[in-house]
Amino acid sequence: MDRNFSTAFRKVIVIGYGKVTGQVLQHVCGRKKEYGYEIVFVEHEVNPFSIMEKLCAENGVPFLQITDKKELAAWFDGIGEKTLIVSAGNNFLFPASLVQKEFITIINFHNALLPAYPGRNAPTWVICAGEKETGITWHYVTAGVDEGNIIVQKKCEIGGDTRAFELTEQLMDLASAAFRECFDDVVAERAAARPQGFDPQRRMYRSCEVPADGRFLLTDPPEQIYRLLRCVDYGKNDIFPSFRTTVDGREAEILRYRKVTPEKRRDEDGFLYLPFSDGDFLKIKYRYVECEDEN
Amino acid sequence: MEEKILAILKEHCEDALTYDGDSMMEDGVIDSFTVINVVGDLEDEFDIEIDAKYVVAENFKNKEAIIALVRKLLEE
Numbered sequence: 001m002d003r004n005f006s007t008a009f010r011k012v013i014v015i016g017y018g019k020v021t022g023q024v025l026q027h028v029c030g031r032k033k034e035y036g037y038e039i040v041f042v043e044h045e046v047n048p049f050s051i052m053e054k055l056c057a058e059n060g061v062p063f064l065q066i067t068d069k070k071e072l073a074a075w076f077d078g079i080g081e082k083t084l085i086v087s088a089g090n091n092f093l094f095p096a097s098l099v100q101k102e103f104i105t106i107i108n109f110h111n112a113l114l115p116a117y118p119g120r121n122a123p124t125w126v127i128c129a130g131e132k133e134t135g136i137t138w139h140y141v142t143a144g145v146d147e148g149n150i151i152v153q154k155k156c157e158i159g160g161d162t163r164a165f166e167l168t169e170q171l172m173d174l175a176s177a178a179f180r181e182c183f184d185d186v187v188a189e190r191a192a193a194r195p196q197g198f199d200p201q202r203r204m205y206r207s208c209e210v211p212a213d214g215r216f217l218l219t220d221p222p223e224q225i226y227r228l229l230r231c232v233d234y235g236k237n238d239i240f241p242s243f244r245t246t247v248d249g250r251e252a253e254i255l256r257y258r259k260v261t262p263e264k265r266r267d268e269d270g271f272l273y274l275p276f277s278d279g280d281f282l283k284i285k286y287r288y289v290e291c292e293d294e295n
Numbered sequence: 001m002e003e004k005i006l007a008i009l010k011e012h013c014e015d016a017l018t019y020d021g022d023s024m025m026e027d028g029v030i031d032s033f034t035v036i037n038v039v040g041d042l043e044d045e046f047d048i049e050i051d052a053k054y055v056v057a058e059n060f061k062n063k064e065a066i067i068a069l070v071r072k073l074l075e076e
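Just so you know, the sequences run in chain order A and B. Numbering of the first sequence is given in my numbering, commencing with residue 1 and proceeding in unit increments. Numbering of the second sequence is given in my numbering, commencing with residue 1 and proceeding in unit increments.
If you are wondering where the hints come from, they were derived from the structure by calculation, not from laboratory data. Cβ atoms here follow ideal geometry from the backbone N, Cα and C, with glycine treated the same way. Among these hints, one or two may not hold up.
Within a straight-line C-alpha distance of at most 27 Å, the following computed DSSO-like cross-link-like pairs (lysine-lysine) qualify [unchecked claim]:
#1 A:283 - A:236
#2 B:10 - A:236
#3 A:69 - B:53
Every beta carbon over 12 Å from chain B, so not counted as near; a handful from chain A, in silico [unchecked claim]:
#4 101
#5 248
#6 250
Using the sequences and the accompanying hints, generate a full structural model.
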């Protein structure tokens, strides 16, 4: 079947960081020959493991690093030609003045099944809520946060031991696959998008929110504690502060945790073993910290 | 010590064992998600805390760099 690769977009800008960003950029580059658009990559949030600069160099794509929000907004404001902006793993909020320009189209990857879990750190909140299923959404960007019409969604299951970073990776893989499926329709401006139909009063998750306010009690069910620890586990990325609890009347910070079988239980200082109902234990490494004076 | 580190790498990223370059990240041998798993297992195995300041590409450029990092933290 002959395919029509024509597009009115003169430029495609990819912005974001992380695995999905690289995969999206590679797909956009792979289609450049057919569509003839110009490609630019923008890095706004710097990741210590980013390979985007190298990827851009390999594909002949201009690499711009603009970390300042105002500077980035001004740079976007200077765009004067019909442009598609692909926001993949990006936390920069596009100004309404940019979104409303007729010659600008922006699509964004959200790591949840909109209209559920809009805002920040969606993998955290779905694990925290004990959801069994989540997914990704590619949607058009409007002036409101995560409000635009849905282009495509894909679902996945959440395992009982899944940590936030593992779910994030899973969702990025889903997002890459979904992007490859919808890109030709988006760039040809024929994607069949549908409204979200959300409740205007829906909860918007903000970056300053921490599940359970970052604390648990040792008397809480271990399954619940495990879920809380997993839902904020992004490795060494300090997206959330370390969880805290009280051990022997003293303030303690949780350093790490793991589900272990009974034979791996050891009596060691600085470790707690909380029994799960299935016989396994939640092993928690902690350290005492000074209690901050709240007065 | 080295054997334990190599066993952890083998579990999460077997290609790291034979990689002889100096940028596993850029060469696609390891990614940031794998690093999270490797760091977690190294902390458990050696009962050390690997501060975020050490979790950078330079310290995960190859298996020798990872071994050197753990050795340094164990000596602190």
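Quick rundown of the hints versus the structure:
About 19 Å separates the Cα atoms of residue 283 of chain A and residue 236 of chain A, which keeps this hinted pair within 27 Å; it holds. Straight-line distance between C-alpha atoms of residue 10 of chain B and residue 236 of chain A comes to about 21 Å, which keeps the hinted pair within the 27 Å bound. Proximity of residue 69 of chain A to residue 53 of chain B is assessed by CA-CA distance (about 25 Å); at most 27 Å being required, the pair is judged to hold. Under the 12 Å C-beta cut-off, the non-interface status given to residue 101 of chain A relative to chain B holds; the minimum distance is some 34 Å.
With a closest Cβ-Cβ approach of about 21 Å to chain B, residue 248 of chain A is found to remain outside the 12 Å limit, as its non-interface label requires. Distance check for residue 250 of chain A against chain B: the nearest CB is about 19 Å away, which clears 12 Å, and the non-interface claim stands.
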